[in-house]
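J.: Here are the chains, one letter per residue:
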Amino acid sequence: MDSWDVIVIGSGAAGLVAAWHARAAGASVLVVNKSLVGRSGATITSGGGVSVSGRTAIGLGFDANPDDTDELFFADTIRSGSFLSDQRLVAAMVEGVGDELRRLIADGAKVSAPKHAPGHSSGRGVRIPGPSMQRVVTTAALHAGVRFREDFQSTDLLTRDGAVVGVAGLDRRSGVVEALHARAIVIATGGATSNWSLRTAPEELSGDGHAMALAAGAELIEMEMLQFLPCCLVAPDMWRGLQFPWILGPQSGVRAWLLNRYGERFMARWDPERMELATRDIVAAASAAEVFEGRGSPNGGVYLSWAHLPRDIVDNFPQWSRSFSADWRWEGFDMTPLVERIRAGHAIEVAPAAHFSLGGIRVDAEGSTGVPNLYACGEATGGVHGGNRLSGNAGAQVLVQGKAAGRSAAALARGRSGEAAALVDQEQWRSVQARIKAPFERADGIAPFDMKRRLGQLVDAALGAVRDGAGLAKALEELCTISRDDVSRLACRNRDPGWNRDWSDALECVSALPVIESALLSALARKDSLGAHRRHDGKAQPATNVLEHGLISRKADSNALVHRTEPVLHPFLAPA
Amino acid sequence: MKEENATMTMVIHLHRTPGDDTASTYVLPRPEEAGIGASDWSGVSVSSALQYLQRAVDPALAFSLSCRRGLCNVCAMRIDGVVTTACTTPMHDGILIEPARSTLLLRDTVVELSLVRRSRLDAVVATHADERDA
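Protein sequence lines, in the order shown, are assigned to chains A and B.
According to the working numbering, the stretch in the first sequence is residues 11 to 586, in order.
According to the working numbering, the stretch in the second sequence is residues 3 to 136, in order.
If you are wondering where the hints come from, they were derived from the structure by calculation, not from laboratory data.
Wrong hints could be hidden among the right ones.
[Stated by the list, open to error] Simulated crosslink set (SDA-like; lysine to any residue; CA at most 20 angstroms straight-line): (1) A:Lys-447 to B:Pro-61; (2) A:Lys-462 to B:Leu-55; (3) A:Lys-549 to A:Lys-462; (4) A:Lys-462 to B:Ala-36; (5) A:Lys-462 to B:Ala-58; (6) A:Lys-462 to B:Val-13.
Can you make the complete structure from the sequences, with help from the hints?
T.: Have a look at this one:
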């Protein structure tokens, strides 16, 4: 085969739903993944909520609230996102999720009845555990005749006359640098959350798709917006990023206390009525502010304490909570040692962890990026959630956007099936190959892991749940220095091309740099606090101000990134 | 948190070539010297220890890691004789780490765990001959 109709990059739910739909529309489809299909990406790690309005849920055969309309679901989503969402994307999500959920159920997904989640005005969160969701979409894509390429790290989109014609990358198994051609490409690479060292997200989400789209001419939107989950463990290393304390405390309604280093219940300054039971964005921002102002714990968090409660509260917890078993297994871990510390009266150090990229590649409701032949879907895209994301809305997003991008890509490709597919010209291919191979061929220089660690520290410090202008400017300066001086010194210590982790790390750093720069530029430009973006040196955005999208693009014929703003349109629901 | 646990010996079988089952033995420093945020090795997963070894001792060491929460199973390996996820298994003195199954071995601790093998393309699919990597 000389060219595929559609190549999908990424194999989480968004990518595999896109692949299924493209295949169902008659396209030849290749799914390319950096690791193993069905064993990587954030879908597996998700709680698996999918939001759907009560009426739509009833249409699917669930017992739900008949007064809950798509309009109410839409309004809750827009309000929670501080009116920053692209309302056309939200409308498409709200209206389209029912059909995709029906297909998922027909494909064998076991879906639990809608439950009420915070922020939603009605019970609309059906649940499919993340691993089950991943299994169902993987099996469906397999049966549909989708083909796969695994352990292929995509790094560059190939273009011809401004249109995308393929993707290049490194086959991690063999160490071969290769070009794959397609009439249409769908980016479904997930968020950019691995660029934070304290995170709930898996290892590989360095923003490769964002970087490739940006380089090809697409725009990124609201890159400063990142959702944090509060009260995650900061230490020891093995448990870093686990949300166990939040579940054993505030999320379950258990009155654990959040304390700073002086033992103050600091939530009194933020939400004196709800205190620790405030919404997760408030608790995350409050905890980060304590650390920012110098009142944190030794490992850069705050304390969560159950010591004022009788021990029975914790001991009896597994009896009434579905989250834990009596032996304190949690996800893959035995949490008994932590529970013993809590029972002995110790506080636990916790901090907000990076969880979900709210910003990303700008797309329309059809999944188009505006770059010819390039589509995107899922967490790699931005604009759906605005400044904050409601529980279950990521599940709805990936299903609806995956379908739209897959169908659009297939329609475009099928419409051109009579024409010969465009191929990358040799000059571009040689320069892309040279760029990918450069770190491998360089024997002396900076070890890729050292740069990765440095970037993680930079991002944690500057782009945490609370930011300030001086810190962002300093980080941007450091990042530009790294891009200018250090990228060209990345070197692999291992001379074997196959399974070369240094090489993979180096390529991930190269992708991460413009993505982090985009987030810093966007965070600097949004001087007031809005949604998940909290400026310590700013104030809450005045309601009278015109809301603006923050957009990043690459200057033509250079690598320089530019930020611009655009007024947010409110075609369906305007701020009151 | 006991001082005597601060350093430990970790025994790893690295199957670099088929049939080679010579054990490579590594002595790890204290976690803080290894740049790992834990007061002793019992708070460090096998995955983080392998990451450290690749970083600091043997750059060629291959391992897989994704979710770090025991959900994706990509880091499955045989630890002290039992196949389990490396990311959720704490380190201890004298630990023995081997590939999950030698017949599936790809490199070091990485074994073939593909769920889509029958629909997978492994060969180089070049669109024209001169595009193939030299």
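J.: All hints, please: hold or fail.
T.: Status of the hints after comparison with the structure:
{"no.": "1", "hint": "A:Lys-447 to B:Pro-61", "verdict": "holds (17 angstroms)"}
{"no.": "2", "hint": "A:Lys-462 to B:Leu-55", "verdict": "holds (16 angstroms)"}
{"no.": "3", "hint": "A:Lys-549 to A:Lys-462", "verdict": "violated (33 angstroms)"}
{"no.": "4", "hint": "A:Lys-462 to B:Ala-36", "verdict": "holds (16 angstroms)"}
{"no.": "5", "hint": "A:Lys-462 to B:Ala-58", "verdict": "holds (14 angstroms)"}
{"no.": "6", "hint": "A:Lys-462 to B:Val-13", "verdict": "violated (27 angstroms)"}
Violated hints, in rising order: 3 and 6; the structure is consistent with all others.
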